[in-house]
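A.B. asks: First to last, the protein sequences are chains V and U.
Heads up: the first sequence runs through residues 1 to 182, numbered per my numbering.
Heads up: the second sequence runs through residues 1 to 197, numbered per my numbering.
Treat each hint with caution, since some may be false.
As the list claims (entries may be wrong) - Each computed DSS-like pair below joins lysine-lysine, with the alpha-carbon atoms no more than 25 Å apart: (1) U:Lys91 with U:Lys76; (2) U:Lys43 with V:Lys167; (3) V:Lys52 with V:Lys167; (4) U:Lys91 with V:Lys167; (5) V:Lys167 with V:Lys180; (6) U:Lys197 with U:Lys175.
Treat the hints as calculated values from the structure; they're not laboratory data.
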Amino acid sequence: MGCYPKGPEYVEDLDVVYTTHDPGYDFGSKGSYARPDQIVVDIKDGAPVYMKDAFAVPILAAIDANMAELGYDLVDIEDDPDLILTPAGITSTTYFYSYWYDWWYGGYWGWYYPPYYTISSYTTGSMIMVIAQADTSDLPSDQAPAVWIGVGNGLVSGAYDLSRITKAIDQAFAQSPYLKTN
Amino acid sequence: MKKIFIISAICLFAVGALSAQSKTSLTYSFGFTTGDLHDYIGKVSFRGITFDYRKMVNPNIGVGFTLGWNVFYEAKAYGTYTFENTSLTGKHYRYSNHFPMIAAATYYLKPEDDINPFFGMGVGTIYTLRNTDVNLYTFEQDAWNFALVPEAGIIYRAGDAASITVSAKYNQGFKAGNELSTSQSFVSLNVGFAFIK
């Protein structure tokens with residue numbers, strides 16, 4: 001309808017930080033996490049394509065700073081972390097992310113999308129962070145549900161704007177106070 | 001009892017038919033949010049339309065209905081919006097559509113004069129459809145609000161059949177449903193034409 005009010009006019013107006021979590025999950029009892037050393041941006045011919053270090057290093061540093069602020073210790077994957085945090089940038093496809101996780105973790109373990117989140121919510125250019133429980137011994141399968149998902153839309157496409165990405169990461173954690181450990 | 005009701009209804013209809021008058025108006029409707037709705041969207045709406053029909057049961061009293069549509073819109077600055085277990089931060093585009101469907105009775109003070117003040121009361125429902133858009137996401141919530149709509153205004157007789165009407169309605173939509181648990185109320189200022197038969 002012609003007289004219906006307008007929505008966004010500029011692409012910057014579409015920047016958004018989306019977070020969702022499992023409200024029944026007790027983050028307060030957790031204290032450590034592990035993460036990959038690189039950020040994948042695509043899968044080509046079965047192999048991951050990584051974000052350049054010039055961008056990945058400050059992005060990972062921003063994530064670590066926020067996790068430290070919430071009370072978590074970054075540990076090696078071999079040191080029985082409570083949580084696994086996997087960051088990724090989605091530059092072209094929307095479905096590679098779970099493959100990336102499997103690849104990183106040896107293909108025998110992974111996470112699945114929780115019922116309150118749909119993969120269609122990912123759009124090209126998203127920066128995504130997923131937290132899943134590392135210990136699957138009390139779960140029916142070796143796959144753990146994602147208990148927290150943070151997405152910054154529209155940030156990774158085209159020219160990387162590092163300050164926009166780190167700002168979005170800070171915002172994702174700021175709007176998720178329930179992540180804080182005891 | 002049933003017979004009395006039927007006879008009363010026939011009499012009422014007959015009176016209406018004998019007086020052979022009705023007032024129909026189509027008005028442009030400005031909207032001003034109040035209460036909880038004002039917290040969601042503070043801006044005045046210049047998008048609205050209202051259709052009123054009153055069958056005159058005597059020269060002073062008309063009964064009929066009101067149908068309308070008012071849409072409020074505001075682009076909010078970068079902010080965080082939390083909905084159940086999901087939070088979205090970004091620029092918000094907020095839309096609130098309201099569709100009053102009201103049975104109404106109106107009392108006209110000076111039906112023979114060129115300037116005819118009136119007041120009335122309506123009872124019915126307002127269907128509210130709210131969309132909060134952030135990026136490609138939209139949170140949609142709706143409710144059927146029980147509504148009371150008091151009204152006051154004037155009709156100015158501009159010619160034999162057409163008149164100009166100006167009125168103010170307070171659309172009080174009470175709390176309803178789970179999705180939109182707050183009241184949805186606004187004042188509408190209606191300006192348009194009335195056709196008197």
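A.B. asks: Each hint should be assessed against the structure and marked as holding or not.
C.D. replies: Status of the hints after comparison with the structure:
1. U:Lys91 with U:Lys76: Between Lys91 of chain U and Lys76 of chain U the Cα gap is close to 6 Å, so the pair holds against 25 Å.
2. U:Lys43 with V:Lys167: The given pair, whose Cα atoms are some 30 Å apart, is violated under the 25 Å limit.
3. V:Lys52 with V:Lys167: 19 Å, holds
4. U:Lys91 with V:Lys167: Satisfied, since the Cα-Cα distance of roughly 15 Å is no more than 25 Å.
5. V:Lys167 with V:Lys180: 19 Å, holds
6. U:Lys197 with U:Lys175: Roughly 38 Å separates the two Cα atoms, so the pair is violated.
In summary, the structure is inconsistent with hints 2, 6 from the numbered list given earlier, while agreeing with the others.
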